[in-house]
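Asks: Taken in order, these protein sequences are the chains called P and D.
Its first residue numbered 0, the first sequence is counted upward by one per residue in numbering that gives the first Met the number 0.
Its first residue numbered 0, the second sequence is counted upward by one per residue in numbering that gives the first Met the number 0.
Just so you know, these hints were derived from the structure itself, not from any lab.
Only a predicted model underlies this, so the values are computations on that prediction, with no experimental measurement involved.
Be a bit skeptical, because a hint or two may be false.
Where chain D lies over chain P, by a calculated footprint (3+ residues, C-beta under 8 Å) [stated by the list, open to error]: (1) 150-160; (2) 170-181; (3) 249-260; (4) 285-292.
In silico lysine-lysine, DSBU-like type, Cα no more than 35 Å apart, as pairs [unchecked claim]: (5) P/Lys-195 x D/Lys-177; (6) D/Lys-222 x D/Lys-194; (7) P/Lys-148 x P/Lys-177; (8) P/Lys-177 x D/Lys-194; (9) D/Lys-177 x D/Lys-283; (10) P/Lys-283 x P/Lys-222; (11) P/Lys-177 x D/Lys-195; (12) P/Lys-195 x P/Lys-291; (13) D/Lys-177 x P/Lys-222; (14) D/Lys-283 x P/Lys-148; (15) P/Lys-148 x D/Lys-291.
So the derived label-pair ranges between C-beta atoms look like this [stated by the list, open to error]: (16) P/Glu-39 x D/Asn-277: 34 to 40 Å; (17) D/Gly-56 x P/Asn-20: 57 to 63 Å; (18) P/Asp-284 x D/Met-0: 35 to 41 Å.
We put the beta carbon where it would ideally sit given N, CA and C, even for glycine.
Each chain is listed here by its residues.
Number of protein chains: 2
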Amino acid sequence: MYRIGIDLGGTNIAVGVVNENYEIVAHHSVPTGASRPAEEVIRDMGDAVEAVLVKAGVSIDQCESMGIGSPGNCDSERGVVARAYNLGWFDVPVCAMLQERFGIPVRLSNDANCAALAETVAGAAVGCENMVLITLGTGVGGGIIIDGKIYAGMRSAGAELGHMLLVLDGEPCTCGRKGCWETYASATALIRQAKKAAADHPESLLAQAEEITGLAVFQAADKGDAVAQAVIDQYCVYVAAGFTDLVNSLAPEMILLGGGISRQGERILAPMREYVMNNCFGQKDGAIPVIKAAALGNEAGIIGAAAL
Amino acid sequence: MYRIGIDLGGTNIAVGVVNENYEIVAHHSVPTGASRPAEEVIRDMGDAVEAVLVKAGVSIDQCESMGIGSPGNCDSERGVVARAYNLGWFDVPVCAMLQERFGIPVRLSNDANCAALAETVAGAAVGCENMVLITLGTGVGGGIIIDGKIYAGMRSAGAELGHMLLVLDGEPCTCGRKGCWETYASATALIRQAKKAAADHPESLLAQAEEITGLAVFQAADKGDAVAQAVIDQYCVYVAAGFTDLVNSLAPEMILLGGGISRQGERILAPMREYVMNNCFGQKDGAIPVIKAAALGNEAGIIGAAAL
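Produce the entire structure from the sequences given, and follow the hints as far as they go.
Replies: Spelled out as structure tokens, the structure:
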């Protein structure tokens with residue numbers, strides 16, 4: 000049997016058919032056109048499913064289920080996208096609509112949760128029962144797997160891990176709170192921290208970069224710029240302080256790091272591991288998880304949705 | 000059938016027999032004598048079990064299981080107290096030793112986890128699948144219930160919720176980290192905050208208290224002392240900021256507050272609820288849990304251990 004995964008994004012709808020090993024056997028993508036009514040977007044999602052089935056040479060009868068990974072707050076139990084600002088969706092019963100069209104079970108979860116699940120079925124966390132995936136991007140996304148399943152709590156509203164505190168009454172966050180982890184540990188935050196360092200140190204290579212991006216900070220450090228390296232060192236502390244909270248609260252077997260910054264690999268993972276070991280409860284005798292980079296990248300959305 | 004619960008403390012071993020409604024039908028208590036070898040303490044635990052069975056008029060054959068709530072880090076899977084500093088126990092296989100003597104299954108968990116479980120079977124959280132109990136005392140203790148069961152993570156080392164950050168590099172914590180929630184939100188922290196306020200405001204009633212205890216702060220506020228009230232207001236923010244982190248990460252249906260301070264009831268619970276509603280992800284549309292006081296007090300240890 001096969002499964003269908005739909006990665007619903009603000010820009011594109013990516014659909015895939017996966018086999019029993021969670022390998023994507025066919026892939027199809029169409030623009031979301033998120034400004035349109037939800038019904039039209041969902042009709043296009045269905046059309047994309049039909050297109051990908053043709054590409055895969057698989058009939059819907061050979062598919063046991065369909066899954067959707069959506070941005071925003073998704074109520075998995077009811078199969079409803081409760082609130083997705085970048086889709087303009089509020090209380091959209093997407094599962095029921097696709098289930099009616101295709102006649103197979105349709106499941107839904109937040110895209111960050113799907114990415115975490117994908118890593119456990121086909122990525123860096125295969126065989127791991129309890130793990131957390133943290134994705135560093137515009138914000139800090141989180142997905143929690145407990146007993147091999149997505150854990151999202153009441154109304155699937157949990158795992159907003161970027162909105163745990165790092166500093167009470169600290170930097171203002173888009174969520175309305177102050178001092179959330181993501182205001183220090185997102186890629187956006189790294190750029191803000193680097194811009195401040197560049198302004199404070201006009202002599203640095205960092206200050207001479209054409210545009211300060213996350214990558215530019217690492218490139219300046221590569222060229223021996225101490226200011227850029229200090230920004231990275233402090234950023235690793237911010238990320239790892241949040242990891243330490245996850246260790247002390249959830250004691251997962253593994254913490255995976257996703258997002259573009261995770262491609263920096265050991266240069267950021269090694270200091271993060273050291274910080275966690277020195278700061279978690281019990282320090283080196285504590286429940287130190289494996290900390291490494293996520294493996295699946297862009298495919299995680301489809302694979303995780305299919306695995307729902 | 001009955002169950003036996005053992006609440007192993009640094010001072011006393013409290014043993015109870017509970018019926019199928021988790022009511023304690025008999026109770027027996029002996030001093031722990033924690034300075035002795037673990038074998039002697041465990042022999043006394045066994046003797047206390049025999050004594051309480053006599054009191055209850057129940058034979059061991061009528062008991063389906065025995066549970067132990069222990070301080071420190073307990074590996075529930077192996078039935079071993081891994082590290083309990085105030086017992087001086089390290090890697091003590093207490094379950095195997097009692098199981099050999101009594102021939103019924105013996106289970107083990109941390110006392111904070113047992114207290115949380117007790118509230119779900121017989122206290123303020125009956126019927127609640129996902130909840131967190133926070134106990135304010137010398138430290139801030141935590142117990143997490145997910146899907147009706149204790150969640151403690153790898154090597155049962157999780158749920159050290161008092162050691163999540165409130166302020167990166169803030170007040171030093173006994174765990175070695177700086178800025179842990181418990182350095183701001185424990186009863187110990189309240190007293191420290193009140194002492195500082197008293198020193199800063201020698202004209203306040205608080206400064207005239209014979210001894211500044213947690214209760215003295217509330218009593219001074221009762222008499223209209225604005226300094227004491229300001230300490231309480233800020234303390235509620237500290238506690239509620241941690242609650243907000245729990246909402247954003249775990250989205251529990253309920254957060255219960257335990258420990259002596261919880262007896263202050265609505266005067267602290269109401270401002271905490273308001274803070275959570277104004278600060279959690281999604282604010283008033285977020286996954287606001289029920290927030291109220293725990294119900295079981297000292298009996299929680301025995302009931303929770305019996306429910307393991």
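Asks: Could you run down the list of hints and mark each one as holding or not?
Replies: Evaluation of the provided hints:
Here's how the region 150-160 of chain P fares: 11 of its residues keep a CB closer than 8 Å to some CB of chain D, so the rule of at least three is met and the hint holds. With a cut-off of 8 Å between beta carbons, the region 170-181 of chain P has 3 residues touching chain D; three or more are needed, and the interface restraint holds. Beta-carbon proximity to chain D at under 8 Å applies to 4 residues in the region 249-260 of chain P; the threshold of 3 is reached and the given coverage holds. Residue count for the region 285-292 of chain P with a Cβ under 8 Å from a Cβ of chain D: 3. That meets the three needed, and the coverage hint holds.
A threshold of 35 Å between alpha carbons decides the hint, and for P/Lys-195 with D/Lys-177 the separation of about 25 Å falls inside it, so the pair holds. Among the hinted pairs, D/Lys-222 with D/Lys-194 is consistent with the structure: their alpha-carbon atoms are about 18 Å apart, no more than 35 Å. For a cut-off of 35 Å, the pair hint linking P/Lys-148 to P/Lys-177 stands: about 31 Å separates their Cα positions. Taking the CA atoms of P/Lys-177 and D/Lys-194, the gap is near 28 Å; set against the 35 Å cutoff, the hint holds.
Using a Cα cut-off of 35 Å, the hinted pair D/Lys-177 and D/Lys-283 holds, with the two alpha carbons roughly 31 Å apart. Our distance criterion of 35 Å between C-alpha atoms is met by P/Lys-283 and P/Lys-222, whose separation comes to about 34 Å. For the given pair, P/Lys-177 sits about 25 Å from D/Lys-195 by alpha-carbon distance, which is consistent with the 35 Å threshold. The hinted pair formed by P/Lys-195 and P/Lys-291 meets the criterion: a straight-line CA distance of about 29 Å does not exceed 35 Å.
Restraint check for D/Lys-177 and P/Lys-222: satisfied, since their Cα atoms lie roughly 34 Å apart, inside the 35 Å limit. Proximity of D/Lys-283 to P/Lys-148 is assessed by CA-CA distance (about 28 Å); at most 35 Å being required, the pair is judged to hold. For a cut-off of 35 Å, the pair hint linking P/Lys-148 to D/Lys-291 stands: about 29 Å separates their Cα positions. For the pair P/Glu-39 and D/Asn-277, the beta carbons lie near 37 Å from each other, so the given range of 34 to 40 Å is met.
One distance hint, 57 to 63 Å for the beta-carbon pair D/Gly-56 and P/Asn-20, holds here, with the actual separation near 60 Å. For P/Asp-284 and D/Met-0, the hinted distance range of 35 to 41 Å is satisfied, since their beta carbons lie about 39 Å from each other.
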